[in-house]
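Residues per chain, in single letters:
Number of protein chains: 4
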Amino acid sequence: MDSESDESKVSLKRRVREIIFEAETPTGKLFDVILLWCIGLSVAVVMLETVRGLDAQYSGVLLTLEWCFTGIFTLEYLLRLWCSKQPLKYALSFYGVVDLLSCLPAYVVLFFGASSAFGVVRALRLLRMFRILKMVNHVQGAEVILHGLARSRAKITVFFFAILLLSTIAGTLMYYLEGGQPGTDFTSIPKSIYYAIVSITTVGYGDVVAQTDLGRFITTLMILTGYAVIAVPTGIVTSEMMRLQEPDRTTDACPSCGVHGHLPDAKFCRRCGSSMDDEH
Amino acid sequence: MDSESDESKVSLKRRVREIIFEAETPTGKLFDVILLWCIGLSVAVVMLETVRGLDAQYSGVLLTLEWCFTGIFTLEYLLRLWCSKQPLKYALSFYGVVDLLSCLPAYVVLFFGASSAFGVVRALRLLRMFRILKMVNHVQGAEVILHGLARSRAKITVFFFAILLLSTIAGTLMYYLEGGQPGTDFTSIPKSIYYAIVSITTVGYGDVVAQTDLGRFITTLMILTGYAVIAVPTGIVTSEMMRLQEPDRTTDACPSCGVHGHLPDAKFCRRCGSSMDDEH
Amino acid sequence: MDSESDESKVSLKRRVREIIFEAETPTGKLFDVILLWCIGLSVAVVMLETVRGLDAQYSGVLLTLEWCFTGIFTLEYLLRLWCSKQPLKYALSFYGVVDLLSCLPAYVVLFFGASSAFGVVRALRLLRMFRILKMVNHVQGAEVILHGLARSRAKITVFFFAILLLSTIAGTLMYYLEGGQPGTDFTSIPKSIYYAIVSITTVGYGDVVAQTDLGRFITTLMILTGYAVIAVPTGIVTSEMMRLQEPDRTTDACPSCGVHGHLPDAKFCRRCGSSMDDEH
Amino acid sequence: MDSESDESKVSLKRRVREIIFEAETPTGKLFDVILLWCIGLSVAVVMLETVRGLDAQYSGVLLTLEWCFTGIFTLEYLLRLWCSKQPLKYALSFYGVVDLLSCLPAYVVLFFGASSAFGVVRALRLLRMFRILKMVNHVQGAEVILHGLARSRAKITVFFFAILLLSTIAGTLMYYLEGGQPGTDFTSIPKSIYYAIVSITTVGYGDVVAQTDLGRFITTLMILTGYAVIAVPTGIVTSEMMRLQEPDRTTDACPSCGVHGHLPDAKFCRRCGSSMDDEH
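For the record, the sequence lines run as chains A, B, C and D.
Numbering follows UniProt numbering, in which position 19 of the first sequence is assigned residue number 19; successive positions increment by one, without gaps.
Numbering follows UniProt numbering, in which position 72 of the second sequence is assigned residue number 72; successive positions increment by one, without gaps.
Numbering follows UniProt numbering, in which position 268 of the third sequence is assigned residue number 268; successive positions increment by one, without gaps.
Numbering follows UniProt numbering, in which position 6 of the fourth sequence is assigned residue number 6; successive positions increment by one, without gaps.
Check the hints yourself; a few may be wrong.
What the hints assert, rightly or not - Using 27 angstroms as the maximum straight-line C-alpha spacing, the simulated DSSO-like pairs for lysine-lysine come out as follows:
| no. | chain 1 | residue 1 | chain 2 | residue 2 |
| --- | --- | --- | --- | --- |
| 1 | A | K267 | C | K89 |
| 2 | B | K89 | B | K29 |
| 3 | A | K29 | A | K89 |
| 4 | A | K85 | A | K13 |
| 5 | D | K89 | D | K29 |
| 6 | B | K267 | C | K267 |
| 7 | A | K89 | A | K13 |
| 8 | C | K13 | C | K89 |
| 9 | B | K29 | B | K13 |
| 10 | B | K89 | B | K13 |
| 11 | C | K267 | D | K29 |
| 12 | A | K29 | A | K85 |
| 13 | D | K13 | D | K89 |
| 14 | B | K267 | D | K267 |
| 15 | B | K89 | A | K267 |
I should point out that these hints are in silico values taken from the structure, not numbers from a laboratory.
Work out the full structure, taking the sequences as your base and the hints as a guide.
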């Protein structure tokens, strides 16, 4: 009856929630895999729409695929809202917003027409690329590394400040030295600072280069000095990676002689030979 | 008689196998060195065939050398098939296929004529470059490092995903900002993502560059953010290198139970509790 | 009376000194924040003055802002001189000079006119960019990392020498090989050494590139050899980062002699031999 | 008399040898400093001779300076030969050859005339740049790091082989994909391998770039794959740097309880409190 249909409705909700939000059951894992493929393919479709050659030939196919994906993501979003324990909390969370933006653009274009302000339509279309953020949830190990990086955020902030400082000083100096040359690339301080950052990080596009020997000399000093600075984030990240490595020794103490620093598989203390078990 | 010639035949097979597949005997080592030189020289010949200037002058010499090497590698391949304990298993293994592809192209060109579909002939000719993979077997220490990298493959996968994510977001943003500029390099999202990956990995060709100040500013943020991400594989590899270094554990074996890998200051075996001294 | 007004004057000086030179009190912290914002904004104004498009439109606004900031920094400088315990020592210190140079240029331009030697005026204007150095004082953690880098300065000097040596040899070789080519980029040894440094540090602008196959081959060797050399500063910085990480030593102090920095498993002080337990 | 003049001659030789070959005495140190300056300045003169603008104006000055330095280095070389204990061994050693090549070119040009084969004269002139190698002897700490790198040469060889392998495979693939395009940069396999090495090491000149989308995609894979490989030398060098770091704990054992792993400044054992001195 009513209570029975309510029960089966609740139980349906619960089963759908298990599938969508958790990845324990085989159905849940399958759902995850299918969803990942849909996200990947829909992002590929948006990318291909921008390639001149392909767009002309396959625009019909791409448009159909786009509407399929919009439909899939709309259904997924509505299901999540329906079976979630706290729908409002989900809708306002980061992933809730991403999921909403995954389906919205197509409807906006539909309602307001493709001939509306090109910039707005283009922006909306490109927002669909952000579906790729939905994948983050599904990659194992990502959070461990993110936490490791988060722990180092103080040092990383100092790094950013140092790069900014060095780039501003060096960029201003290069602007002063090279700015007066005919046909110079150093047309403003912001562009010179861009040059400095591009050089110190060793990217080195080459769209902005020094013309004078003195400018090249200062550039050399800037690169070599900056090299010690940009080695810092590598050092920070490396020591975090090493911290994550399995600690080779445990913190247990031998119940008889108290020595610690035993290997994980030790059954007997290496110092006194007693058993490591407490009930000795 | 028959049994004697069978014996000498078997013993011949065994000797050839020792020479080709193992590197213990002086003849085996010599075989390896000669083979390495042949591989190196034949790869050089394929390379030189593509240099415009040289090809015209020396095409006769290069062709002759090419047939010499094809002959050598064919002989080697047939010898390996003949003296191998499991010829079929060898023929289907990775190195078996590489060895076959080392000799095949020349025969294909011979039978089907050089005027057949240029793409196919060119591809076959270029496959001979893959002979260089035969060298991998002969470099010591390669496997240790390969195992080290294989152990970290989970973290390296996360790294690849992070780069892909950051590049897609940044590339799409740059496409939106720069795509409308006259004479822009950002002609499609794939090309913009290529720009992002080339920038974050600090390669920075310069074939695609930003024209607007805002584009250059976003590029700067992209590079600095990406710097922490690309520091990750360096950190992973460094901690693997260090793991290979620290001989924290001795090579002594416990006289009672035979377990090794004890800490330097161990007096008692951690597994069975016996004294580590031999005269117990 | 006099003593009272002297007292209140001294107490006013002390309060102002607390606000400006120390960041303990809420007012002190607020002062710091306001000052940081003023520095940041004034540096942005100098940057924007150099961007062609903006300068024409907003020159009036930018000039007004510039005088505001000059006024603020002049007031700050005078206050620091007034309330400092040793005004002369402050005025001659690094930050004293930076603070003076932050306000001086505008007055020089005012007194001597903007039509004086363009180079001099431009240089003075650009000196205002150095206000960004005032920020260094306010970033926490910077000194720890600076000390770490200072400890490694011997090794970093060797690194610089090695880069210089390798670049000079390689640059000279490239100059010899490529200098004779028509339309060559290698027009002088200094420019060739610049090429070598830009290549070894993997910046790779592309403004100077090899034209001959032999030149490209030498470039390849130069890059691969240099790669081991430029890995050194990264290694130095990483090991310094790791040193800062491992709290191998506790912060406990020996109750008898007060020494700290003991190992975690220490029961007795390594300096005086007393027990580490408090109740001895 | 004779024996006295022989003695004073021997003692003069010994004193000169002390000054030149050793750096203990104040005169020895002064000699080293003066020599370092002469080397640096003479290298600068050779560099400046190649800069078009300067050469015309200052050729007289530069030529005079060049002869001064040639004279100084000739005198130094003759002195070394005279006072060395084993002149022939010195003359055939690496530094002996470098010292000879430092003075020889000027005399060759003098005897054979500047109008002899331009290539030869240019080469000889450029050999003078190699004087900079004389500096290596004088930089402290260089040998420690060189030894560290030498210890890792097996792993570094594997690294070079891996880079070569990856570049050959990737370069050949890019040649196949891009070689047929109009106006392609991929004109030969050697040039394509150069492209691969320049990309994997993240130098990225941009003189050779992919034109097709598929080419750019393969380039992306090549860069990301290569990133793990080029992280290896950084990891090797970093772990060598860390090995060089002062070991925080000594290998001494406490004479009473036998525990080791004490800090360098420990006077008492942290475990049992006894004195660390043997004569207890």
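Each hint, compared with the structure:
no.: 1; hint: A:K267 - C:K89; result: violated, 66 angstroms
no.: 2; hint: B:K89 - B:K29; result: holds, 24 angstroms
no.: 3; hint: A:K29 - A:K89; result: holds, 24 angstroms
no.: 4; hint: A:K85 - A:K13; result: holds, 10 angstroms
no.: 5; hint: D:K89 - D:K29; result: holds, 24 angstroms
no.: 6; hint: B:K267 - C:K267; result: holds, 21 angstroms
no.: 7; hint: A:K89 - A:K13; result: holds, 17 angstroms
no.: 8; hint: C:K13 - C:K89; result: holds, 17 angstroms
no.: 9; hint: B:K29 - B:K13; result: holds, 18 angstroms
no.: 10; hint: B:K89 - B:K13; result: holds, 17 angstroms
no.: 11; hint: C:K267 - D:K29; result: violated, 50 angstroms
no.: 12; hint: A:K29 - A:K85; result: holds, 21 angstroms
no.: 13; hint: D:K13 - D:K89; result: holds, 17 angstroms
no.: 14; hint: B:K267 - D:K267; result: holds, 24 angstroms
no.: 15; hint: B:K89 - A:K267; result: violated, 44 angstroms
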